[in-house]
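In this note's numbering, the protein residues as written are 33 to 277.
Since the hints were derived computationally from the structure, they do not count as laboratory data.
Be aware that a few hints might be false.
To be verified - Computed beta-carbon distance windows for the label pairs:
1) H86 - V264: 47 to 53 Å
2) L66 - L260: 35 to 41 Å
3) Q209 - A179: 39 to 45 Å
4) L221 - I122: 36 to 42 Å
5) A172 - G269: 57 to 63 Å
6) R135 - A98: 20 to 26 Å
7) R56 - L260: 31 to 37 Å
8) L125 - K76: 33 to 39 Å
9) V126 - V106: 18 to 24 Å
10) A105 - F57: 42 to 48 Å
11) A98 - V264: 21 to 27 Å
12) V113 - A73: 41 to 47 Å
13) S81 - R135: 46 to 52 Å
Each residue gets a CB set at the ideal place from its N, CA and C atoms; glycine is no exception.
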Amino acid sequence: MSSEILTRSGRRARFRGMLAPFRRFWATLIVSVLVVLVVVAVAKVMAGSASWAHTEIGVDQWLSRAHVPFWDAVTLAVQWVLSPTMGLVIVVLVSLGVLWRTRDRMVGLTFLLVVAGGWLSSELVKMIVHRPRPDFHLLAHPLSTEATLDSFPSGHTCLAMALALGFVFLYRQRRGQKWAIIVGAVCVLFVAWSRLYIGAHYPTDVLGSILYTGAAMTAFLAIWNQWLVGPVERLIGGPRARKHA
């Protein structure tokens with residue numbers, strides 16, 4: 033797909049920023065898909081390993097013994113804010129904010145689809161991997177008493193990673209990308225830590241969530257920008273604003 037479109041004046045304008053095609057499209061796509069497959073395969077193996085779970089739960093037990101009221105309240109608040117229902121609200125509101133700020137329907141739509149896709153696709157992975165959550169009976173002060181088979185990946189960590197990476201993609205080819213990376217990394221790591229602190233996940237759950245979401249979003253954005261941006265824009269009609277470019 034050409035990286036250029038016609039503006040209303042008839043002059044050619046290049047797709048830039050979040051909508052820019054990846055320079056090494058096939059390499060990006062292949063590596064991203066391979067990362068997704070490897071992460072899911074490894075998680076599936078770990079899901080059936082009691083010895084691996086026994087090794088990992090030591091981290092949760094150590095954090096559980098170090099609980100204090102302040103961090104209990106903070107981590108439970110994070111759990112509520114990034115819950116599935118609130119997560120949907122946040123993704124929609126942030127996407128609308130991106131649309132308002134850029135005045136670009138394609139950027140707003142792309143942000144919404146990439147972030148939502150990276151996050152919600154984790155639910156499919158949960159069904160494939162089927163990993164039991166840490167046994168809260170083994171924790172000194174469990175803040176989570178879930179006993180379901182959906183420990184991998186961590187939906188909260190996937191949502192945090194999806195939003196963070198969404199802004200990194202939004203600031204592609206712009207000076208603000210460095211700060212998007214720094215702030216996003218801090219937020220993602222904090223959410224990942226909070227899930228371990230609560231005792232809802234194993235360390236590899238949150239690590240795999242970061243790897244999976246990053247790879248899945250990269251693959252989706254690469255395909256979207258390479259083949260779908262132009263046709264979708266023509267379908268919804270109208271020129272794109274260039275304020276963000």
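Hints and how they fare:
Between H86 and V264 the beta carbons are some 49 Å apart, a value that agrees with the proposed interval 47 to 53 Å. Remark: the range hint 35 to 41 Å for L66 to L260 is contradicted by a beta-carbon distance near 22 Å. Q209 and A179 have their C-beta atoms about 41 Å apart, which keeps the hinted 39 to 45 Å range intact. Under the hint 36 to 42 Å, the C-beta atoms of L221 and I122, about 19 Å apart, miss the expected range.
Range check, A172 to G269: Cβ separation about 59 Å, and the 57 to 63 Å hint holds. Checked against the hint of 20 to 26 Å, the pair R135 and A98 fails, with Cβ atoms roughly 47 Å apart. A beta carbon spacing of about 18 Å between R56 and L260 contradicts the range 31 to 37 Å that was offered as a hint. Restraint check, L125 to K76: a C-beta distance of roughly 35 Å satisfies the suggested window 33 to 39 Å.
Distance hint check for V126 and V106: the Cβ-Cβ separation is about 21 Å, which falls inside the suggested range of 18 to 24 Å. Taken as a hint, the range 42 to 48 Å holds for the pair A105 and F57, whose Cβ atoms sit roughly 46 Å apart. A hinted range of 21 to 27 Å is violated for the C-beta pair A98 and V264, which are about 49 Å apart. A beta carbon spacing of about 32 Å between V113 and A73 contradicts the range 41 to 47 Å that was offered as a hint.
Separation of S81 from R135 is about 51 Å and conforms to the stated range, judged on CB atoms against 46 to 52 Å.
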